[in-house]
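All chains, please: the whole structure from these sequences, using the hints.
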Amino acid sequence: MRDVAIIGVGCTTFGEKWQSSFRHLFVEAGALALEDAQLSGEKIDAMYVGNMSAGRFIEQEHIGALIADYAGMATRHIPSTRVEAACASGGLAFRQAVIAVASGMEDIVVAAGVEKMTDVEPGASTDTLTGAADREWEGFVGATFPGLYAMIATDYMHRYPLTREQLAQVSVKNHYNGARNPIAQYQQEITIGTVLRSTMVAEPLRLFDCSPITDGAAAVIVAPLDRAREFTDTPIKVLASAQASDTIALHDRRDISTLDASVAAGKQAFKMAKLSHKDIDMVEVHDCFSIAEICAIEDLGFCKKGEAGKFTADGETALSGKIPVNTSGGLKACGHPVGATGIKQVCEIVQQLRNEAGKRQIDGAKIGMTHNVGGTGATVAVHILGRV
Amino acid sequence: MSVARFWRKIPQRYNLIGTRCETCGRHFFPPRTFCPDCRRNGKIVDHKFAGKGTVVTYTIIHTANEQFEALTPYVLAIIQLDEGPRMTSQIVCRPDEVKIGMRVKSVFRKIATDGRSGIIHYGTKFVPEE
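Protein chains in written order, with our numbering: chain A, 10 to 397; chain B, 3 to 132.
One thing to keep in mind: the hints can contain errors.
To be verified - If the Cβ cut is set under 8 Å, some of the chain A residues that face chain B in the computed set are:
| hint | residue |
| --- | --- |
| 1 | Gly-132 |
| 2 | Asp-136 |
| 3 | His-167 |
| 4 | Tyr-169 |
| 5 | Asp-264 |
| 6 | Ile-265 |
| 7 | Asp-269 |
| 8 | Ala-273 |
By construction, these hints were calculated from the structure, which means they are not laboratory data. Beta carbons are placed, not taken as given, at the ideal position from N, Cα and C, and that holds for glycine.
Following this line, the structure appears as C-alpha cells:
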C-alpha cells in the first residue's frame, strides 16, 4: 500500500443557501480545493462524492456523473462514484479516495461531499433523515432521528452521571468554536440557558441539542505522499483510515449508550497509525446531537465511560482543554449538510495541522482525528491525519 | 407507502409474528430470515410473541414527522420482549407515567394514515401492564 496525502481542501460556507443549487455548491467546493492544491482539473484521475439523499432532497439521482459533468470532467470521462452511508457518506467517500490512491489504481483523486437540504419543507427533510435508521421498524412506529438519540440520552442519564447542564455545555462549547469559524452556519455564542430554554424536541433533547438542516459542500484532493510536494509545501498524511458497521436499528444494539462501531473503528485506526488517544491534538466528532458527542469522546477513548459529562463541563474538550473537540463548531454550530459533513471534518483538521485555523487554532497541532457516524451508529468512519 | 409494502408485513405488525432459530433457540423481532449466530446452519421458523415486555429506554416526542404530528406529545420506547429481542414502539400512557423497567403489554392500534385518502396503518403499540 502506498502512503497517501491530502494536497488540497475546500469548503463552501454552510447555511440555508437559498441562492445556491446542488451543482453550484459542489462546483464551488471543488474549485476551492483545486485552487488550494494549485492543481488544474486535467490532472484529476477519479472522483468520489458523498451524498445521502439527493433523490429525496432535490429528486436527482446519478450524482457521480452529475458532479463530474458540472466540474468540467465529462469529456475526460474520468470515473466518478457516489458513496452513500447516510450521515457518514462523506467519511466513506474520503476513505474510498484514500483506498484508490493507496492501491496504486489512481494518483490524484477528489473526495467531495454535498447536500442540498432546504429545497424541501422542513417536515420532508426530517422524514428523509429518518431513512438513515430502520424505516420499517423505527420510522414506521413514529421514531424521529432526534427521538432515537433522545432514547440514547435517557438510557445514558439513567446509568451514568450526566446532568442536563453538562449536556448543554456540549452545544455551548460548539457554538463558541463556531463563532470563530467563518464558514459556520451559526457564528453566535450561546449560554446553557439558551439550550435549556429552547423548544423541546424529544425529551430530554431540546432544539439547541440538535444539529440543524444545512446546505453545503466540501472537497479534498488526495495524492500519493511521494508526489505531494509537487502540489503543496504542507502535505497532510493520512495516518489511518478505518470503517465499521453495526445493526441498522438502535433497539438491536448490544448497549444503547455505546456506539460499538465507533469503538471498533477507533481501535482499528489507532492500531493502523500505531498511535493512542494521547497522541491526538484535536478531534472532529459526529455531534449530530449533544448526547452523540458525549458518547463519541468515550467510545474513542478520550475519557472513561460515564465521565464525558464532567470532562466536558471541566472544559477539557474546549479549545484550551486537554483534547479540543469539534474546533470547527461541529455539526451543531458549523452545520450538518449530511453528505458533506465527513469531508468538512477532514478540511477542518487539515486547516488546524497547517496552522490556518485562525481564531480557533490549536497551537502546535501535529495530529488530528475525524469521526463520522451514519444513522444512530450503523456506520462509522474514523481517520487520523498528521503533519509530515 | 404502497399497499403491497404495508400488506406484506401485516402478520408481523398486527400479531407480533416474528421468527425463531430452531438450531440455537434465539428469537427475532423484528423478524430475521437469517440467524446471525448459526448463519447457514440456522433453521428459521415463525414465532408468535406473547407481547409482554419491559421498557429499556424511552423519549417523549414533541416534534414529530408529519404523519405523527397530531399525536404529540407521545411516548416512544425500546421494549425488551420477554422472549429476548428488543423492538421500538409507542407506549399509550401519560408522558409522566413511563419509567425504565416498567412492564408493558402489546395492544392493536392505529399507527398513522397516508394522507386523507391513503391507507390506514395499523400495528402494535404497548400499554402499561396492570
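Structure-based check of each hint:
{"no.": "1", "hint": "Gly-132", "result": "holds, 4 Å"}
{"no.": "2", "hint": "Asp-136", "result": "holds, 5 Å"}
{"no.": "3", "hint": "His-167", "result": "holds, 5 Å"}
{"no.": "4", "hint": "Tyr-169", "result": "violated, 13 Å"}
{"no.": "5", "hint": "Asp-264", "result": "violated, 11 Å"}
{"no.": "6", "hint": "Ile-265", "result": "holds, 6 Å"}
{"no.": "7", "hint": "Asp-269", "result": "violated, 14 Å"}
{"no.": "8", "hint": "Ala-273", "result": "violated, 16 Å"}
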